[in-house]
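2 protein chains.
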Amino acid sequence: MTFADRLDNAITLKGSPALVGLDPFLERIPPEFPAARDPNASRSEQAAAMGDFLCAVIDLIADRVAAVKPQAAFFEILGAEGVAQWERVIAHAHDADLLVIGDVKRGDIGSTAGAYATAYLTGSAQCDRRTLCDAVTVNPLLGHDSITPFLEACREADAGIYILVRTSNPGGDQFQTKGDPTLSERIADAVVAWGEELMGDCGLSSVGAVVGATHPAELKSLRKRMPHTPLLLPGYGAQGAGAEDVAPGFLPGGRGVLVNSSRGILYPQRDDQTPWRDATSKALDQMRAALAAAGAT
Amino acid sequence: MTFADRLDNAITLKGSPALVGLDPFLERIPPEFPAARDPNASRSEQAAAMGDFLCAVIDLIADRVAAVKPQAAFFEILGAEGVAQWERVIAHAHDADLLVIGDVKRGDIGSTAGAYATAYLTGSAQCDRRTLCDAVTVNPLLGHDSITPFLEACREADAGIYILVRTSNPGGDQFQTKGDPTLSERIADAVVAWGEELMGDCGLSSVGAVVGATHPAELKSLRKRMPHTPLLLPGYGAQGAGAEDVAPGFLPGGRGVLVNSSRGILYPQRDDQTPWRDATSKALDQMRAALAAAGAT
Chain W
109 MTFADRLDNA
119 ITLKGSPALV
129 GLDPFLERIP
139 PEFPAARDPN
149 ASRSEQAAAM
159 GDFLCAVIDL
169 IADRVAAVKP
179 QAAFFEILGA
189 EGVAQWERVI
199 AHAHDADLLV
209 IGDVKRGDIG
219 STAGAYATAY
229 LTGSAQCDRR
239 TLCDAVTVNP
249 LLGHDSITPF
259 LEACREADAG
269 IYILVRTSNP
279 GGDQFQTKGD
289 PTLSERIADA
299 VVAWGEELMG
309 DCGLSSVGAV
319 VGATHPAELK
329 SLRKRMPHTP
339 LLLPGYGAQG
349 AGAEDVAPGF
359 LPGGRGVLVN
369 SSRGILYPQR
379 DDQTPWRDAT
389 SKALDQMRAA
399 LAAAGAT
Chain X
109 MTFADRLDNA
119 ITLKGSPALV
129 GLDPFLERIP
139 PEFPAARDPN
149 ASRSEQAAAM
159 GDFLCAVIDL
169 IADRVAAVKP
179 QAAFFEILGA
189 EGVAQWERVI
199 AHAHDADLLV
209 IGDVKRGDIG
219 STAGAYATAY
229 LTGSAQCDRR
239 TLCDAVTVNP
249 LLGHDSITPF
259 LEACREADAG
269 IYILVRTSNP
279 GGDQFQTKGD
289 PTLSERIADA
299 VVAWGEELMG
309 DCGLSSVGAV
319 VGATHPAELK
329 SLRKRMPHTP
339 LLLPGYGAQG
349 AGAEDVAPGF
359 LPGGRGVLVN
369 SSRGILYPQR
379 DDQTPWRDAT
389 SKALDQMRAA
399 LAAAGAT
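In order, the protein sequence lines correspond to chains W and X. First residue of the first sequence: 109, per my numbering; consecutive thereafter. First residue of the second sequence: 109, per my numbering; consecutive thereafter.
If we strip away everything but chain W, and leave its shape as in the complex, we get (with noise of 0.2 Å):
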């Protein structure tokens, strides 16, 4: 089954478009793993208790969410050790039925998109399969041909790939929003034009497309620029935007969107009394109520 379709059911499945960000920022994990934030403790030792705290975060959210989205940044930041707990919590995700969005941001020319694609996507022979993400983020500055290794890697595997075109952070403005066309506009009409042979049954392509919540105008626009591109919309929650400001995201029933939620999800804001558990499980099911109330599936 495509990704694309793989996605949509998962969506209906657990009601609700609201993607977890794994953002493992180390000073900000509970103090349950304390060996993430203890500066005695190796560099192997802060891996597995953030590895842990990842862990215990699916755990907590798969009967509410699609997927999550772990961010590279933060494994790559411990090394060898950081990146074999990506493997691990993976996998992880995985053993819970959840699909995996690996935020890895990769963008090379051909024959290194290539080794990007089976690193993420199809896997060299040796790999466990089970640690390969189901989608990718990908950077399009390079073009075309460093596109095409992760469309062969989708075709490959039902694997999918989420293109920046417009990115929710302040910086995004300095190029993205330049030209006649804009920088963005033209991405989207390639990302368009790279899905159509990647259609699965759901009417939505396997190659989808961020475009940052915090753009509320933009993103109604981009959407009718890209009516059958899965969208993932990030800068919902700690970064400004809200369930209105996603909204003009969504295809007809609500359906097309993952909303992304990283740090307002894994770092909620609590008193000494409340349990990370019950602080992350109550800043989920806000997030579903809210994405709900504004017409999400």
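There's no promise every hint is true.
[Stated by the list, open to error] Result set (PhoX-like, lysine-lysine): computed pairs, CA atoms no more than 25 Å apart in a straight line: (1) W:328 to X:328; (2) W:332 to X:286; (3) W:286 to X:332; (4) W:390 to W:332; (5) W:286 to X:122; (6) X:390 to X:328; (7) X:286 to W:286; (8) W:390 to W:122.
[Claimed, not checked] Sample of chain X residues with no beta-carbon within 10 Å of chain W, all distances over it, derived: (9) 118; (10) 123; (11) 149; (12) 189; (13) 195; (14) 224; (15) 239; (16) 264; (17) 279; (18) 298; (19) 306; (20) 331; (21) 386; (22) 397.
Calculated from the structure, these hints are not laboratory results. Don't be surprised by glycine CBs; every beta carbon is placed ideally from N, CA and C.
Chain W is already provided as a structure; the job is to place chain X on it using the hints.
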């Protein structure tokens, strides 16, 4: 000493701007390292063979190049074991008094960019500092707040960055040459501004730019736009550019550039009688001679 000054000194000392890219395609590693291509080898054995080859390359070339440029994708393809070799190879290059430019092409929102800058330039508290890079390549699509953490890391660790301005691959045209000014020109102007606070005594900044040697006319005009920016010029050799194509990037005295060749040095054409070391050594000498003839330092 700033990265700009350390690099300028090293190029003068070694007498060449030749840069060797460490792109370990497993299937092209010489048969003297059999586990690299053995389908029955474990991932750990494959990774170790890859590391053995790259360390041998470093020993062979260290007296003739200022720096090496490992490409992250080919390490990540072997997961945590591959990343362990990434760290080993970088430490080995530093032990051989080489500068290391990590070709990671990372780019993400500010908080995540900060994690990448820590991972590759400044290091987490527990890391072995010999495994850090002197500079990394950075993708600027996300704009200023995706670059700021790298600039801070450059100041903190006397490190450098090379920002993608115009890439060497066929698809580079798709977005980079569009608009007026073009996207590449906009990025070049930003590179100049970002680099102003990081000038070395040599008159060059520690904020560099990647400009493909496969586009000599654009290289010439981009060099005019970025007169104090160290350039990293990929595309020499296997991608088709020759010494005359990189010359428009030289500053007076043939300074201010690194010219990269990866596959042309690591996997030169050779007959069965020629040991890989002889072929690689000869390919590097030819590249150095060609660059010198074209007016490089």
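Consistency of the hints with the structure:
With a CA separation close to 40 Å, the supplied pair residue 328 of chain W and residue 328 of chain X exceeds the 25 Å bound. The hinted pair formed by residue 332 of chain W and residue 286 of chain X meets the criterion: a straight-line CA distance of about 22 Å does not exceed 25 Å. At most 25 Å may separate the alpha-carbon atoms for a hinted pair to count; residue 286 of chain W and residue 332 of chain X meet this at roughly 22 Å. For the hint pairing residue 390 of chain W with residue 332 of chain W, the CA-to-CA distance comes to about 34 Å; that exceeds 25 Å, so the pair is violated.
A threshold of 25 Å between alpha carbons decides the hint, and for residue 286 of chain W with residue 122 of chain X the separation of about 42 Å lies outside it, so the pair is violated. For the suggested pair residue 390 of chain X and residue 328 of chain X, the alpha carbons sit about 29 Å apart, so the restraint of at most 25 Å is broken. For the hint pairing residue 286 of chain X with residue 286 of chain W, the CA-to-CA distance comes to about 10 Å; that is within 25 Å, so the pair holds. As the CA atoms of residue 390 of chain W and residue 122 of chain W are separated by approximately 16 Å, the hinted pair is consistent with the 25 Å bound.
At roughly 25 Å from the closest C-beta of chain W, the C-beta of residue 118 of chain X stays outside 10 Å, upholding its exclusion from the interface. The non-interface label for residue 123 of chain X is consistent with chain W: the shortest C-beta to C-beta separation is roughly 29 Å, beyond 10 Å. The Cβ of residue 149 of chain X does not lie farther than 10 Å from every Cβ of chain W; its closest approach is about 7 Å, which violates its non-interface assignment. For residue 189 of chain X, the shortest C-beta to C-beta distance to chain W comes to about 8 Å, within the 10 Å cut-off, and the non-interface label is violated.
Listed as a non-interface residue, residue 195 of chain X fails to keep its Cβ farther than 10 Å from every Cβ of chain W; the least gap is roughly 6 Å. With 10 Å as the threshold on Cβ separation, the claim that residue 224 of chain X sits away from chain W is violated: the shortest Cβ distance comes to roughly 5 Å. For residue 239 of chain X, the non-interface assignment is contradicted: its Cβ lies about 7 Å from the closest Cβ of chain W, within the 10 Å cut-off. Look at residue 264 of chain X: its CB is around 15 Å from the nearest CB on chain W, clear of 10 Å, so calling it non-interface holds up.
With 10 Å as the threshold on Cβ separation, the claim that residue 279 of chain X sits away from chain W is violated: the shortest Cβ distance comes to roughly 3 Å. At roughly 7 Å from the closest C-beta of chain W, the C-beta of residue 298 of chain X falls inside 10 Å, breaking its exclusion from the interface. The Cβ of residue 306 of chain X sits about 18 Å from the closest Cβ of chain W, beyond the 10 Å cut-off, so the non-interface label holds. Even its closest Cβ contact with chain W, about 20 Å, leaves residue 331 of chain X beyond 10 Å, as expected for a residue assigned away from the interface.
The beta carbon of residue 386 of chain X is kept farther than 10 Å from every beta carbon of chain W, the shortest such distance being approximately 25 Å. In this structure residue 397 of chain X is separated from chain W by more than 10 Å, as the shortest Cβ-Cβ distance comes to about 26 Å.
Consistency with the previously given hints fails for numbers 1, 4, 5, 6, 11, 12, 13, 14, 15, 17, 18, ordered from lowest to highest.
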